[in-house]
Amino acid sequence: MSDDTLTATHLRSATDLPSPRRQTVAPHRRRAILEWIGLHSLAVAAALFFVLPFVFVSLTALMSDQQALTRHLWPQTWEWHNVVTVWNTPGFLTWWRNTLFYAGLGTALTLLSSIPVAYALARFRFKGRSLALMVVISTMMLPPQVVIVPMYLFWAQQLHLSGSLWPLIIPLAFGDPFSIFLLRQFLLTVPKEYIDAAKVDGCGDFRALLRVVVPMIKPAIAATALFEFFSCWNDYFGPQIYASENPAAWTLSYGLESFKSAHHTNWNLTMTATLLIMAPVIVVFFFAQRAFIEGVTLTGVKG
Amino acid sequence: MTATTISRRTRRRRDRLRNLAFLSPWLLGTGLFFLYPLAATVYFSFMKYDGFTAPVANGVKNWQYVFEAYPFFWPALRNTLWLVLVVVTLRVVFGLAVGLLIVKIKRGAGMFRTLFYAPYLAPPVAATMAFAFLLNPGTGPVNTILGRLGLPQPGWFNDPTWSKPALTLLALWGIGDLMIIFMASLLDVPREQYEAAELDGAGALRRFRFVTLPNISPILVFAAVTGVIQTMQYYTEPFVAGKVASGQIGGSGQQVEPGYPDKSTLTLPQLVYNLGFQRFDTGAACVVALVLFVLAMAFAALLMRRGSGFLAMED
Amino acid sequence: MHRFQRMATGATAAVVLAFVGSACTGSTTGGATDDPNAETTITFWHGWSAPSEVKAIQDTVDAFQAEFPNIHVNVVGNITDDKINQALRAGGSSAPDVVSSFTTDNVGQFCSSHVFADLTPFMEKSKVDPTATFPPALLGYTQYQGNQCSLPLLSDVYGLYYNKDDFKAAGISAPPKTLSEFKADAIKLTTPAGDSYSQLGFMPNYHGYESTVSHYAALWDPEYFTPDGKANVASDPALAAMFPWQKSMVDALGGYAKLEKYRSTFGDEFSSRNPFMTGQVSMAMDGEWRAGMIDDAGTNINYGVAPFPVPDDQAASYGKGYITGTIVGIASTSDKQNAAWEFVKFLTTDTQAVVNFANAIHNIPSTFAALKSPNVDQDPHFQSFIKVAQNPDSNTTPSSPNGGAYQLTLQDVGYGYESGKVTDLQSALQKAAEQIDTDIAQAQ
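Chains as they are written, first to last, in our numbering: chain A, 1 to 303; chain B, 1 to 315; chain C, 1 to 444.
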């Protein structure tokens, strides 16, 4: 299950990543050592559970087609050209481009549209504010399937945009509930005095937002961007509904299935493709996580 | 009229305009992409419409059909209940356990954390395809290893009694989100309370029961309720798993069997797809969508009440 | 706030109404007016994706364009049925003009919703006589209640694959012709080993890949529907005979649980780990494409092909089988229907085109002329399927307005009955009949 509604506290937790050095002086050294061993073996066991699937997928990705569905776990021949074959699969590069386009433009639009809304919800006092917030939280938790039928008819029959990713991208220009919620939580922590000071200097609300607030919540913006990017990258239902009827608009998630053709399943290639789709997300996170933690530490914002 | 009232009024008006300006994209979006389609969903739930010939009024027939005759509706609800009870519970327990482990561990915590978190980032389609392969009953690595150890080899995604446990494994694999949440909340527990408990002679279990649990209980509630809401949206994993395991992708002449095997992986969102985008029974699809809406909103309300502290509704 | 709410409600209601008022209805008459001789481009969607299949399609398209240089065909492959249905309803410039689909179950839906144009006026115009061109079973699955909204483009025929070495070892000289011979052979070919098998004669379970309810039932030639379109499954003698026969096979070969356990060791159906290709089973019900796959995989299994055995009381009909196939139709939203028809006519009725395409992708040709053509693959395995295709008793599953939903309902009966969860077959079939009628009423 992967949905980003849970991630509100990721940010917070990332700021105080465990300081593992909490060694207390153990009165019973032996017990401490035993505990150390026990804990670390548990951790290794858990690590196996989390890592082995990646290992088996990687091994299969390098097997020959004949071997992929045998009980041999280790490749008999290392078929490195599987990577090339997948890469050269007609459409694979298009799927990459489309996925990047969807995730990139979607993230940019989300940020542009959500920051002002989050700011207003966090800072302005007006009638109906808590109602607005409730609507944000409700829509954030709304399964996309609830409104998909009329939405599809709207995009397909009224605007003739089915067969493209626009029905998925355009709504992001109108604020994304999860991003609004996340940014608002962070904006609440920006001391009012900073904004007031900016206003005294003659800044309007919008300029105060741009000049003072945005630089202060950069880490939150980075995090929101990251989550939005991942949620677009991982999206399956959206492209299945809107893009599937036009192979030129497929994304990686959706295209992955086509390695299974009508009369044959190329499990080795499917697994190679699986890896090629997982890799960027994990690599991006690996680097972004560091930048993100640094950013959080630098600005000293804490949730 | 004095000058002050005028200026106050203009200021209020200016404020209102400013509020509107800041909120306008979202207001428009909510109207266009939430309120309008929601109204249309209600409207269509009383219509017969195949997406091609003009809709005609159909009374409550769609509602009757879904609740009384649609063969997938009750199995999907039962599956959802199963997933709520088993997957959500196990995820909370396992997430907490992994969180505790990460907090306690002294060497290589950073590495372990990254390893534990990585699966959560795997795109759901890719993760599901990988698991469908790993859990292939005949030749998958998992059953191969089980076989070598002389253990029983379940049919996983091919066996109605094992398909949901297989999905559970997949959900536990992607525990990264909960792990981080629990880790953060565990680190927030004041150390003095532990020390005080230790002084009182409380053992590890008692400390967990009387110090840790009360401190993290809001997070437990949050994790459970959001888990339920996620279960309401559970689509990609069961859909892809069923499709891959049935081996019927593009198979000639036959329709893919929804919820393969034996309806055991059906969930409500899949019904919306089945009715709306396979059968093109717009009316019945909208009925299921509304059921889904009511359920999701009920749990969202629960979260907003029980978890209001966490959600920080007011500043 | 109240005013805003009222405004919002009013506005949404207005939008909903505007939207419904302009709902796209498409043209459902066959009255195409475009000029097929004009320079034009049509879009053709198909579901093939393997490189060899894609190439075969392209070759056929090239042959068409050599004959009709003014009609350009934009070919889009790897399209699934759900997408076809969706795109045909959405219309628009990227929507296809000609569509082919593997899922014959969906023809009823395509025809009854009129997303496919009725081809009868086109055939009349071009003097194509469908009954003289296509075998009856194929016409059966390409029309719904007289609306011929699609035509067959190659077909898939089911028969018996048997392992000759296993037969020899068990002392069986020829493939079985009746179901009682079949059962006896299956038992002879089965070698249990503990709670599993070292060899299984036949995997009768409904999830044993192609051994589905509808494929078995074809051996008894069932009437799924009454002439007025009501479900006939509760009173049809064919189904009443098929379910107990399958159950008796399951029981005779070791029982449901044991067979299911063995089934879980099978590799993927469409891979070289298919249980027949690995020797795990000695006999299999499968389509003609399996022969091509066995040859392509380079598996050196010594196998034979024969029509599937028939019920003892219908021994005279030996030689028949279940037929399905790929279908092709014209989008009723297309404004180039005459040009599209030229292409469809070429694809489905040009003997040379049909034969070449069939040979290239190991499928059975779909016209009388092509079936008889000397250019058809003369491979003996392939030829036995050609004979099944020509058998007048070969049959198919009829189309229904909600696609294959009725077959899924019947399969459920099958799963329940084979596993022993359902014991009262008659009442299960009665319930299935009601379910089928309710589903169809909801779809109509």
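Calculated from the structure, these hints are not laboratory results. Where is the CB? At the ideal position from N, CA and C, for every residue including glycine. Do not rely on the hints blindly, as some may be mistaken.
As the list claims (entries may be wrong) - Cβ-Cβ distance ranges computed for the label pairs, FRET-style:
1. B/Leu199 - A/Pro280: 46 to 56 Å
2. C/Ala169 - B/Phe67: 28 to 38 Å
3. A/Val214 - B/Ala298: 28 to 38 Å
4. B/Ala301 - A/Asp196: 46 to 56 Å
5. B/Val294 - A/His160: 41 to 51 Å
6. B/Val294 - A/Gln76: 12 to 22 Å
7. A/Ile33 - B/Leu151: 55 to 65 Å
We went through each hint and held it up to the structure:
Taking 46 to 56 Å as the suggested C-beta distance range, the pair B/Leu199 and A/Pro280 conforms, at roughly 51 Å. Between C/Ala169 and B/Phe67 the beta carbons are some 57 Å apart, a value that contradicts the proposed interval 28 to 38 Å. The supplied range of 28 to 38 Å is met by A/Val214 and B/Ala298, whose beta-carbon atoms lie about 37 Å from each other. With their beta carbons about 36 Å apart, B/Ala301 and A/Asp196 fall outside the hinted range of 46 to 56 Å.
Evaluation of the 41 to 51 Å hint for B/Val294 and A/His160 yields a failure: the beta carbon distance comes to about 33 Å. For the pair B/Val294 and A/Gln76, the supplied restraint of 12 to 22 Å is violated, since their beta-carbon distance comes to about 55 Å. In this structure the hint that A/Ile33 and B/Leu151 lie 55 to 65 Å apart at CB is violated, the actual value being about 33 Å.
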